[in-house]
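Q: What follows is each chain in one-letter form.
There are 2 protein chains.
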Amino acid sequence: MYNPEEIQNIISAKFESLVFKGKPTELYAPISYTLKMGGKRIRPTLLLMACDLFDGDIEIAIDTAIGLELFHNFTLIHDDIMDNAPLRRGKDTVYKKWNSNIAILSGDTMFALAYKQVIKTKTSYLQKILDAFTKTAIEVCEGQQLDLNYETLNNVSILEYLEMIRLKTAVLIGASLKIGAIIAGTNEKDSSNLYNFGENIGMAFQLKDDLLDAFGDENKFGKKTGGDIVENKKTYLFLKACELADNNKRLELNNFYIGNNHNINQQQKIEAVKEIFLKLEVNKHIEQEINSYYKKAINYMNEVSLPDLKKEKLLNFSNTLMYRDF
Amino acid sequence: MYNPEEIQNIISAKFESLVFKGKPTELYAPISYTLKMGGKRIRPTLLLMACDLFDGDIEIAIDTAIGLELFHNFTLIHDDIMDNAPLRRGKDTVYKKWNSNIAILSGDTMFALAYKQVIKTKTSYLQKILDAFTKTAIEVCEGQQLDLNYETLNNVSILEYLEMIRLKTAVLIGASLKIGAIIAGTNEKDSSNLYNFGENIGMAFQLKDDLLDAFGDENKFGKKTGGDIVENKKTYLFLKACELADNNKRLELNNFYIGNNHNINQQQKIEAVKEIFLKLEVNKHIEQEINSYYKKAINYMNEVSLPDLKKEKLLNFSNTLMYRDF
Chain A
0 MYNPEEIQNI ISAKFESLVF KGKPTELYAP ISYTLKMGGK RIRPTLLLMA
50 CDLFDGDIEI AIDTAIGLEL FHNFTLIHDD IMDNAPLRRG KDTVYKKWNS
100 NIAILSGDTM FALAYKQVIK TKTSYLQKIL DAFTKTAIEV CEGQQLDLNY
150 ETLNNVSILE YLEMIRLKTA VLIGASLKIG AIIAGTNEKD SSNLYNFGEN
200 IGMAFQLKDD LLDAFGDENK FGKKTGGDIV ENKKTYLFLK ACELADNNKR
250 LELNNFYIGN NHNINQQQKI EAVKEIFLKL EVNKHIEQEI NSYYKKAINY
300 MNEVSLPDLK KEKLLNFSNT LMYRDF
Chain B
0 MYNPEEIQNI ISAKFESLVF KGKPTELYAP ISYTLKMGGK RIRPTLLLMA
50 CDLFDGDIEI AIDTAIGLEL FHNFTLIHDD IMDNAPLRRG KDTVYKKWNS
100 NIAILSGDTM FALAYKQVIK TKTSYLQKIL DAFTKTAIEV CEGQQLDLNY
150 ETLNNVSILE YLEMIRLKTA VLIGASLKIG AIIAGTNEKD SSNLYNFGEN
200 IGMAFQLKDD LLDAFGDENK FGKKTGGDIV ENKKTYLFLK ACELADNNKR
250 LELNNFYIGN NHNINQQQKI EAVKEIFLKL EVNKHIEQEI NSYYKKAINY
300 MNEVSLPDLK KEKLLNFSNT LMYRDF
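Quick note, the sequences are listed as chains A and B, same order. Position one of the first sequence corresponds to residue 0 (this note's numbering), numbered consecutively onward. Position one of the second sequence corresponds to residue 0 (this note's numbering), numbered consecutively onward.
If you're looking for bench data, these hints aren't it; they were derived computationally from the structure. Just so we're clear, the structure is a prediction, and the values are computed from it rather than from any experiment. A couple of the hints might just be wrong.
Repeated chains share a single entry, so a pair holds when one copy, or any two copies, can fit it.
[To be verified] Restricting the straight-line Cα-Cα distance to at most 30 Å, the calculated cross-link-like pairs of lysine-lysine (BS3-like) are:
1. K294 to K13
2. K22 to K115
3. K39 to K115
4. K283 to K134
5. K121 to K248
6. K121 to K222
7. K127 to K223
8. K22 to K233
9. K115 to K283
10. K219 to K95
11. K115 to K223
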């Protein structure tokens, strides 16, 4: 079995070998640019590890794995237009470096290129792979639309927020693992257990992201904390704080978020909001939530009909995603 | 064999039976809205007619046929954002009725839904179908990018223009026919001949569109003529006129298009440009070009290994597309 590092090297080498050039260059330059930004390549890594877990041939799965990474990057290009986000991984986003039209169209092309990679796999499971991938693609769009809707809604519940991050983030983690398992020829029950494992890991992963954004160690996290607070994002921390706060505290918190507090600067706002979060102990609540999703994930993994020893590599890699401080 | 009208009824019934509803409604309402606008449903009609031509079962092809129509409509939603087009088929475009973000995301969803339909077909030819469809989807994006590029370029050649409309319009007509033939189990040679037939019909179809936009009978065409002239679109008519004009006439024409002629109104501009077109006989040149593509198309159809009698229905339907005055 491969180690995660070996798999990540295989993925990097594959990306190096792929040439996303073509004409017109306006269409392909943003695609190369986006892929050269790097990223953790979590989805293809999970796909190949799942394939390897069931003794599948990762050579047969590599193109599909790349396809899932292309899909993920396509969603980032379009999300950045919708979110007016000028920077990603410290660099100009595509719509900022070029323009919105080029970002829309190079994103569309990348979506098609994702399918081009996904369908390269030479297996008899093509239909199953495409069913899983296409269902997930639709759900990711639904999640992004909910995210947009919640920006202007003032009464988002925690359950609604969790459903949004499930669709926007967790299902693609689940699908990556499931598709890897399908390519390895796994039965329905195990590929479904792996999906559920991934979906719960994905939930925990996103909640960890929310936590780190506010309370991460800036040196390790690699960017300034408090971004979500500055952008008034209604993350789990904010929603839980609203739930736990008394009327006065809730009003105070909401005033920070709807911007009635113009006499303080960004840094003061971050500090004040974090202080409220800590007083209400929402950092502890989110950690409980993360652990609860992690436990659910482990339960699904326990159901997978393989010896524990085989599962270690994938569990360890998932742990690094969960217990990261960056 | 089915008549085009029968096939169109089958397609309409299928669209009626499909429910593109879901949550969040912001995502699905624009999809229903777009599909209810109607349209000629040319692509699914051609796909089913091609399937029928080779004695394929159109029941097996109908979902894929719907998928190609969904793909076409997805491109229209995104094109309308990029072109700032407020109206389509007399109604508000999606980005105008809702907003750009919703148009981007409901378009993305529609692209995924297109694949969902395409992959529903239960045939052993799934890989071939997806290869053809995905290649075409990428080419359509390339065509749209060229179209955007040409808006601000002053030295577009006729060859470049023809390549742009080939990618933006003709390849999808070709692919519709090819995929129908694939589903019917046709051999490589015949499905490829059918593709080439469709591509050339598609070229003629788009050039006819250019011609009708300037010189169509407004009562039959269903909209005011001269839209391309008002929008300074460098269609075949304009490019051919530039080629044939002497220096003075070319300058005059360019002045209309780069808007140095502010002392005349839209209607005067349309009349003046059309007069130049007629004087240079570019309407005759475009008709020759249309006929030339049509002849090429017929040559490819002649190569298809079926008796002439069988080909009649598809040829007649293609004729109605070519020799339409609306």
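Q: When no copy is named, should K283 and K134 be tagged within, between, both, or neither for a Cα gap of at most 30 Å?
A: Result: close neither inside a copy nor across copies, 34 Å intra and 50 Å inter.
Q: Checking an output row: K294 and K13, CA cutoff 30 Å. Within, between, both or neither?
A: The answer is neither: 34 Å in one copy and 45 Å across copies each exceed 30 Å.
Q: Could you place K115 and K223 in one of the four classes (within, between, both, neither) given a Cα distance threshold of 30 Å?
A: neither (37 Å within a copy, 41 Å between copies)
Q: Give the relationship of K39 and K115 under a CA distance limit of 30 Å: within one copy only, between copies only, both, or neither.
A: both (22 Å within a copy, 29 Å between copies)
Q: Can you give me the call for K121 and K248, within, between, both or neither, at a CA distance of at most 30 Å?
A: neither (58 Å within a copy, 59 Å between copies)
Q: Could you place K219 and K95 in one of the four classes (within, between, both, neither) given a Cα distance threshold of 30 Å?
A: Only inside one copy: K219 and K95 sit 27 Å apart there, 44 Å across copies, limit 30 Å.
Q: Under a CA distance limit of 30 Å, which applies to K22 and K233: within one copy, between copies, both, or neither?
A: Classified as between; 20 Å across copies, 41 Å inside a copy.
Q: Checking an output row: K22 and K115, CA cutoff 30 Å. Within, between, both or neither?
A: both (17 Å within a copy, 28 Å between copies)
Q: Classify it for me, K121 with K222: is the Cα-Cα distance of at most 30 Å met within a copy, between copies, both or neither?
A: Neither, since 41 Å and 49 Å both go past 30 Å.
Q: For the identical chains here, do K127 and K223 meet the 30 Å Cα criterion within one copy, between copies, both, or neither?
A: neither (42 Å within a copy, 49 Å between copies)
Q: Given a CA cutoff of 30 Å, do K115 and K283 count as a within-copy pair, a between-copy pair, both, or neither?
A: Classified as neither; 44 Å inside a copy, 42 Å across copies.
Consistency note: the structure conflicts with the earlier hints numbered 1, 4, 5, 6, 7, 9, 11.
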